[in-house]
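Protein chains: 2
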Amino acid sequence: MKIGFIGTGVMGSSMVRHLLKAGYEVNVYNRTKSKAMPLTEEGAVWKNTPAEIAKTSDVILTIVGYPIDVEKVYFEEDGVFEGLSEGKTIIDMTTSTPALAEQLAKEAEKIGVAALDAPVSGGDLGAKNGTLTVMVGGEQAAYEKVQPILDTFSSELRLFGPAGSGQHTKMANQIMVAGTMTGLIEMLAYAKKAGLDLEEVVKTVNGGAARNWSLENYGPRIIKEDYSPGFFVKHFVKDLKIALDEAEKMELNLPATTQAYELYKNLESVGYGDEGTQSLIKLWWD
Amino acid sequence: MKIGFIGTGVMGSSMVRHLLKAGYEVNVYNRTKSKAMPLTEEGAVWKNTPAEIAKTSDVILTIVGYPIDVEKVYFEEDGVFEGLSEGKTIIDMTTSTPALAEQLAKEAEKIGVAALDAPVSGGDLGAKNGTLTVMVGGEQAAYEKVQPILDTFSSELRLFGPAGSGQHTKMANQIMVAGTMTGLIEMLAYAKKAGLDLEEVVKTVNGGAARNWSLENYGPRIIKEDYSPGFFVKHFVKDLKIALDEAEKMELNLPATTQAYELYKNLESVGYGDEGTQSLIKLWWD
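For the protein sequence lines, the chains are A and B, in the order given.
Under this note's numbering, the first residue of the first sequence carries the number 1, and numbering increases by one thereafter.
Under this note's numbering, the first residue of the second sequence carries the number 1, and numbering increases by one thereafter.
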């Protein structure tokens with residue numbers, strides 16, 4: 001079974017390495033070719049367009065930046081759909097809109113192609129260590145067929161329902177993260193103003209009912225003024241926008257998530273888009 | 001060393017039991033006398049007023065409901081201050097205002113009494129198991145003197161600075177919790193509307209960067225529609241109000257915490273004050 005992989009950024013490159021290690025033949029394409037070159041030295045085969053990837057592979061994985069990039073990769077000239085044929089499977093792992101996941105599934109079905117949406121969580125480290133959480137939407141049969149492939153880079157893999165369900169689950173995840181991040185940042189802003197020792201506060205607060213991953217991982221980094229991205233502000237802004245757009249469609253009011261989105265949008269607008277999400281503290285400290 | 005204990009509610013009663021078990025003589029007082037009676041059968045001695053408690057004890061611990069209750073217990077007729085004398089120590093463990101903690105310390109100092117603010121975190125279970133987190137403010141010498149006493153019911157005990165610092169640290173803790181709770185509730189509201197299996201979402205989301213104590217503990221309870229209080233809505237509303245008042249005094253804007261406060265105040269106003277904080281989901285589901 002030949003795999004095609006489109007989008008060899010930080011996340012994608014690590015995933016390709018896990019696929020190669022597991023013995024899969026992998027064709028790769030990336031908008032910026034140079035980023036895919038190290039992978040070709042490790043055994044991956046470069047293809048010149050997404051269409052070529054689709055033509056020469058049985059299962060096509062994509063992980064790109066924004067929903068607009070997903071649309072381009074699949075539907076534009078030389079896009080994936082130009083190279084697809086019956087029996088193949090497409091898997092979009094970009095965090096994107098449930099509606100686009102449904103559209104991909106619908107277009108794929110017309111030509112006998114299976115489609116899954118499978119956004120991931122776990123960041124660059126999770127990709128590197130092969131411990132990503134993969135949240136899948138689509139048909140059971142297609143899911144079962146590609147499970148061994150997704151298993152090569154994930155420690156938690158689950159089918160949540162029909163097309164779009166993977167994206168919805170990822171949105172739920174990001175809504176939760178919006179809460180832990182805003183809570184953490186406002187806690188640190190308060191503690192500093194109150195003259196408390198931040199290291200002691202982080203340690204003590206994390207020992208009880210306020211314990212969370214963001215506090216454990218970003219608390220110490222913020223104290224050390226380390227704002228390097230584990231997860232980009234600009235991508236979090238995109239994710240929260242999708243979550244809120246979906247919520248609006250469902251006539252669901254999410255005031256705390258809306259507040260988090262506004263804070264992060266504000267942060268992006270003052271130039272922190274390419275920093276890590278922990279840099280939200282910059283709205284208070286500078 | 002004789003200990004006086006005022007406020008034998010769910011938290012206080014467990015704390016008194018740990019003190020008795022450690023061999024301390026404990027005098028008790030509670031506004032509703034009947035709630036203290038089981039403790040007298042276990043060796044505690046009933047006193048008729050806070051003043052009597054103060055007169056007959058060396059270290060006086062208080063844990064009552066609201067800052068107004070703290071003021072009454074200390075400053076009213078038959079209050080603690082009527083019975084205090086030089087060399088004694090007062091420790092208020094109520095989650096209250098830093099300003100009131102400072103006032104207590106100031107009044108105490110005038111008569112040669114040491115004062116500590118020492119709010120706790122860890123809930124009814126933490127009190128029962130003797131694993132509370134105790135966040136202390138006050139003088140180092142007074143802190144060291146009473147450490148063995150506080151140790152009987154805590155697993156994490158720390159002095160954060162001068163009078164009021166314990167309360168400030170507790171506020172930082174509650175700001176963090178406001179984030180995890182609103183995130184959790186909006187996540188569940190979204191996941192349900194999107195038609196996802198809530199149990200699977202909770203399990204998967206808690207496996208990654210969104211992991212937190214509220215999700216682990218309240219996620220499953222909410223799915224089972226268990227809204228019994230681990231922590232009362234009305235007390236969380238009080239705590240967030242104190243945090244926001246303090247923030248305002250420090251000219252600190254906390255938009256996410258403000259949003260959480262408004263949601264919880266709304267929840268209280270529609271009749272959920274005596275339910276657990278996980279009942280916030282009732283603003284979405286009913």
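Derived from the structure by calculation, the hints contain no laboratory data.
Please note: incorrect hints may appear among the correct ones.
[Unchecked claim] BS3-like cross-link-like pairs, simulated, lysine-lysine; straight-line CA separation at most 27 Å:
| id | chain 1 | residue 1 | chain 2 | residue 2 |
| --- | --- | --- | --- | --- |
| 1 | A | K203 | B | K241 |
| 2 | B | K106 | A | K192 |
| 3 | A | K249 | B | K193 |
| 4 | A | K249 | B | K282 |
| 5 | B | K249 | A | K193 |
| 6 | B | K106 | A | K241 |
| 7 | A | K203 | B | K249 |
| 8 | B | K238 | A | K192 |
| 9 | A | K203 | B | K238 |
| 10 | B | K224 | B | K249 |
| 11 | B | K128 | B | K110 |
| 12 | B | K55 | B | K2 |
| 13 | A | K72 | A | K110 |
| 14 | B | K110 | A | K203 |
| 15 | A | K128 | A | K110 |
| 16 | B | K224 | A | K203 |
| 17 | B | K2 | A | K241 |
| 18 | B | K203 | A | K145 |
| 19 | B | K193 | B | K106 |
| 20 | B | K55 | A | K203 |
| 21 | A | K21 | A | K128 |
[Said to hold, decoys possible] Simulated restraints on C-beta separations:
| id | chain 1 | residue 1 | chain 2 | residue 2 | range |
| --- | --- | --- | --- | --- | --- |
| 22 | B | D151 | A | Q140 | 28 to 38 Å |
| 23 | B | E200 | A | K249 | 30 to 40 Å |
| 24 | B | E42 | A | G195 | 32 to 42 Å |
| 25 | A | Q140 | B | A22 | 26 to 36 Å |
| 26 | B | E248 | A | P38 | 19 to 29 Å |
| 27 | A | E82 | B | E200 | 31 to 41 Å |
| 28 | A | K224 | B | K249 | 50 to 60 Å |
For clarity, every value in this text was computed on a predicted model and none was experimentally measured.
A virtual CB, placed ideally from N, CA and C, is assigned to each residue, including glycine.
Tested hints:
no., hint, in the structure
1, A:K203 to B:K241, "24 Å, holds"
2, B:K106 to A:K192, "24 Å, holds"
3, A:K249 to B:K193, "10 Å, holds"
4, A:K249 to B:K282, "21 Å, holds"
5, B:K249 to A:K193, "10 Å, holds"
6, B:K106 to A:K241, "50 Å, violated"
7, A:K203 to B:K249, "26 Å, holds"
8, B:K238 to A:K192, "22 Å, holds"
9, A:K203 to B:K238, "24 Å, holds"
10, B:K224 to B:K249, "41 Å, violated"
11, B:K128 to B:K110, "36 Å, violated"
12, B:K55 to B:K2, "11 Å, holds"
13, A:K72 to A:K110, "19 Å, holds"
14, B:K110 to A:K203, "34 Å, violated"
15, A:K128 to A:K110, "36 Å, violated"
16, B:K224 to A:K203, "32 Å, violated"
17, B:K2 to A:K241, "59 Å, violated"
18, B:K203 to A:K145, "24 Å, holds"
19, B:K193 to B:K106, "54 Å, violated"
20, B:K55 to A:K203, "38 Å, violated"
21, A:K21 to A:K128, "12 Å, holds"
22, B:D151 to A:Q140: 28 to 38 Å, "55 Å, violated"
23, B:E200 to A:K249: 30 to 40 Å, "22 Å, violated"
24, B:E42 to A:G195: 32 to 42 Å, "41 Å, holds"
25, A:Q140 to B:A22: 26 to 36 Å, "59 Å, violated"
26, B:E248 to A:P38: 19 to 29 Å, "53 Å, violated"
27, A:E82 to B:E200: 31 to 41 Å, "36 Å, holds"
28, A:K224 to B:K249: 50 to 60 Å, "29 Å, violated"
Violation of the numbered hints given earlier is confined to hints 6, 10, 11, 14, 15, 16, 17, 19, 20, 22, 23, 25, 26, 28; the remaining hints are satisfied by the structure.
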